[in-house]
Amino acid sequence: MAELSSFTIDGLKCMAREGTSIIDAARQNSRYIPTLCNLEGVPPKGACRICSVRVNGKLMTACTTKLSPGMEIENDTSELNDLRKAIIEMLFVEGNHFCPSCEKSGECELQALAYRYKMEVPRYPYFFPKRPIDASHPRIVKDHNRCILCKRCVRAVKDEKGRSIFAFLDRGFETRIYVDPDLAGQLTEERARKAVEVCPVGAIMPRDEAFKTPIGQRMYDKKPIGSDV
Amino acid sequence: MAESVDSVIARYNSDASRLMDILIDVQSAQGFIGDPAIAKIAEELGLSTADVEQTRSFYHFFSKKPTGKYAIYLNTSVNAYMMGRDAVARTFEVEAGIPFNTVTRDGLIGLFDTSCIGMSDQEPAAIINGKIFPNLTPFRVKELIRDIRAGKSVEELVVEGYGDGQNSNPDVRAVVRNNIRKIGPVLDPDYKPGEVIRKKLTEMTPQQVIDEMKRSNIRGRGGAGFPTGMKWEICRQAESDEKYIICNADEGEPGTFKDRVILTERPKLLLEGMVVAAYAIGARQGILYVRHEYEYLKTYLEKLIAGAYKRNLMGKNIAGIEGFDFDVRIQYGAGSYVCGEESALIESAEGKRGEPRDKPPFPVEKGYHGQPTVVNNVETFCSAVKVLLHGADWYRSFGTTDSTGTKVVSISGDCRYPGIYEVEWGFSVNDICGMAGAEDVMAVQVGGPSGSLVGASDFDRVLCYADLSTGGSLIIFNHTRDLLEDVVLNFTSFFIEESCGSCSTCRIMPVILRDKLRKILDARGVKSDITDMLEWAKVLKSSRCGLGQTAANPIVTSIRNFRHLYDQKIRGEMRYDTGFDLTRATQEGMAATGRYTHAD
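Protein chains in written order, with my numbering: chain U, 1 to 229; chain Z, 1 to 600.
Here chain U stands alone, though its shape is the one from the complex (with noise of 0.2 Å):
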């Protein structure tokens, strides 16, 4: 077992094993580091930027850079504050998000961000693009117009082969994610489960259920994202 190196959020002394994530050890301080792509167990992807942190003075992921002793990290700054805001921003802009008609509402993490970082009207223009709704497997539903691109499906869910079912196509603003067609009729009901938990946003649904939480009941309904740290 590592070391306890002591290093700082905001001033504040912390203390953790080095060779920890910043966003764990900052997690096991108390300390909130917001995340819409990084997820436990999977190795990190710095995908969203919203995680951003200054370490010593540069910029880094809190998801992909490991502690060492004596690291000053800035957290919760107007700085950063506003980059995360911004970036939630963009995320709203790029996608059709539509919350009120959205069943993910409630437990949608991008939702919650939005709501934590006091978003009102983004200050980019919408994109409103045109993005199909891929319906086609048997248990689970893809819409690409929520779809943020964090990449957790990717990583988090292989077939028994270890082989990818989702995957991205194309690049830059064309990124899509590519639901295998073979590989998804086949996909466990625990694989399709697990799909749609590690989706931050309702991008990937189970087929034959909805609304199984009222709204009003659910996650972010009552406390906002990051309360539990």
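Think of the hints as simulated: they come from the structure by calculation, not from any bench.
Just so you know, not all the hints are guaranteed correct.
Stated by the list, open to error - Label pairs and their in silico Cβ distance ranges:
| no. | chain 1 | residue 1 | chain 2 | residue 2 | range |
| --- | --- | --- | --- | --- | --- |
| 1 | Z | Gly46 | U | Ala135 | 26 to 34 Å |
| 2 | Z | Glu143 | U | Pro43 | 53 to 61 Å |
| 3 | U | Ser136 | Z | Ala10 | 50 to 58 Å |
Stated by the list, open to error - Computed list of lysine-lysine pairs in DSSO-like fashion (alpha-carbon distance at most 27 Å, straight line):
| no. | chain 1 | residue 1 | chain 2 | residue 2 |
| --- | --- | --- | --- | --- |
| 4 | Z | Lys541 | U | Lys66 |
| 5 | U | Lys161 | Z | Lys192 |
| 6 | Z | Lys131 | Z | Lys142 |
If you're wondering where the values come from, they're calculated on a predicted model, not measured in any experiment.
The C-beta atom is built at its ideal place from N, Cα and C for all residues, glycine as well.
Keeping the supplied structure of chain U fixed, place chain Z upon it in accordance with the hints.
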């Protein structure tokens, strides 16, 4: 008969980490990579179609649909437009009878756009089935299409005679010109291949090689400027049995073409540099990663590598040094600018999408297949040989204290003598213009789109790591150019085209900024649009790699240095304009109901 997918896969022993090579060979044999080929590759490599598709769809030159018997890729870089691309493209469309990014119905001709192909001093240029056709004119395009229709082979389309130097080598046969305008110690033709390996390495320990490199103060020539000696030392000290040397010959920065000339004229120097680096860090394998656009050099480079083996400059017990073994293979890219970023290049060489990795860990700790890897630019390896040959003190006599040695730069744009120049660090923007015979200069793009657009008041600034740093792309614009429309918009579109899409910031923000810029160019801009662009661009600084972090540089540096051009375009009296166009917004509905629209 086109080679079968099975035989391609067999050539790479069904190795999934060679997926790039498999896709390249299938694309080249069949002209496209269709669903049956993808399914076959997936099956044989133990992958899902999703695994294959994510790599295939990432690269510009991999196509799921047939690209035509003659696949014509016409460059879209700023230099191409400055030299008349519009007329050339229009002639292609008229003569072929199709718009760009489509294929003729008979499957004969495909027309495609492509990002800078490294021919900025001989634009407009196109790649047809891997061969380069530079200096295109509408007249020449008519000839080309006529000859294609007449059934001539790609080789028979060439009428110009092959280029200077090794461009005329039987293994190259390219209509490409080197345009070497200034030779310095690195490009010096008075070089004996293998001399450093045989005379210096045999008498030096790896640590002595590294010490000499450190004393020379040489820094990476790709643009980032990391001290080379330090890079080699960290990699040498990393604990591992397997280490790798990778040469980054993926120059994709619009306006740069110096590595193409080095690959053509001094390839032995480059290969010797890789061997020197391998000796220093203890690597047994190396990869020369070359951009797809330079595919025409493949046979030539392969033969040179084979020649190095014959002369015991590669392979086992090199130059008689017991236990010094080093093998090199060539890895071609498939059309992706971001693969010039070292960790994206490594991902690509492993057969994956060219998405940069998060750092740390850096490649010197965990690189190719997770092992310590040194990635250096073509020119860095070449310079390293000269450092050992003549010594660190000699090398430090060139350039400035901060930036020692020389730099090979690619100069293009509005000047009489575009081409490559090897100059000592510390030369000014004025020197660039003087050397290249440029007059009436309005601006110089230093360092390509990811660098800065520099105006007259900064022409005495100096090129070096401490002031204007550059990987070597210098593009000159005279006063006839519309900097915003012709340059800044083109560069911003380039970054959008080449973003890997994995960071939210770099995927989305350049598109937002381009739309803002277009709004200003459409005469709908207001003052706040300019300040918004400066403010909004800041989120890009949190991107993972250099592409994302610099994607707003064309806009930001042009606002900083050419603010008046923006001020002229905006509507001074208006404080607010949504950019909303009622006619355009209702066009679809009007058309559906058959009502009159203004837009027609």
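For each hint, the structure was consulted:
Between Z:Gly46 and U:Ala135 the C-beta distance comes to about 30 Å, which sits within the given range of 26 to 34 Å. For Z:Glu143 and U:Pro43, the hinted distance range of 53 to 61 Å is satisfied, since their beta carbons lie about 54 Å from each other. The beta-carbon spacing between U:Ser136 and Z:Ala10, approximately 34 Å, falls outside the hinted interval of 50 to 58 Å. Between Z:Lys541 and U:Lys66 the CA atoms are separated by roughly 20 Å; this keeps the pair inside 27 Å, and the hint holds.
The straight-line distance between the Cα atoms of U:Lys161 and Z:Lys192 is roughly 53 Å, outside the 27 Å bound, and the hint therefore fails. Distance restraint check for Z:Lys131 and Z:Lys142: the Cα-Cα separation of roughly 18 Å lies within the 27 Å cut-off, and the hinted pair is therefore satisfied.
In summary, the structure is inconsistent with hints 3 and 5 from the numbered list given earlier, while agreeing with the others.
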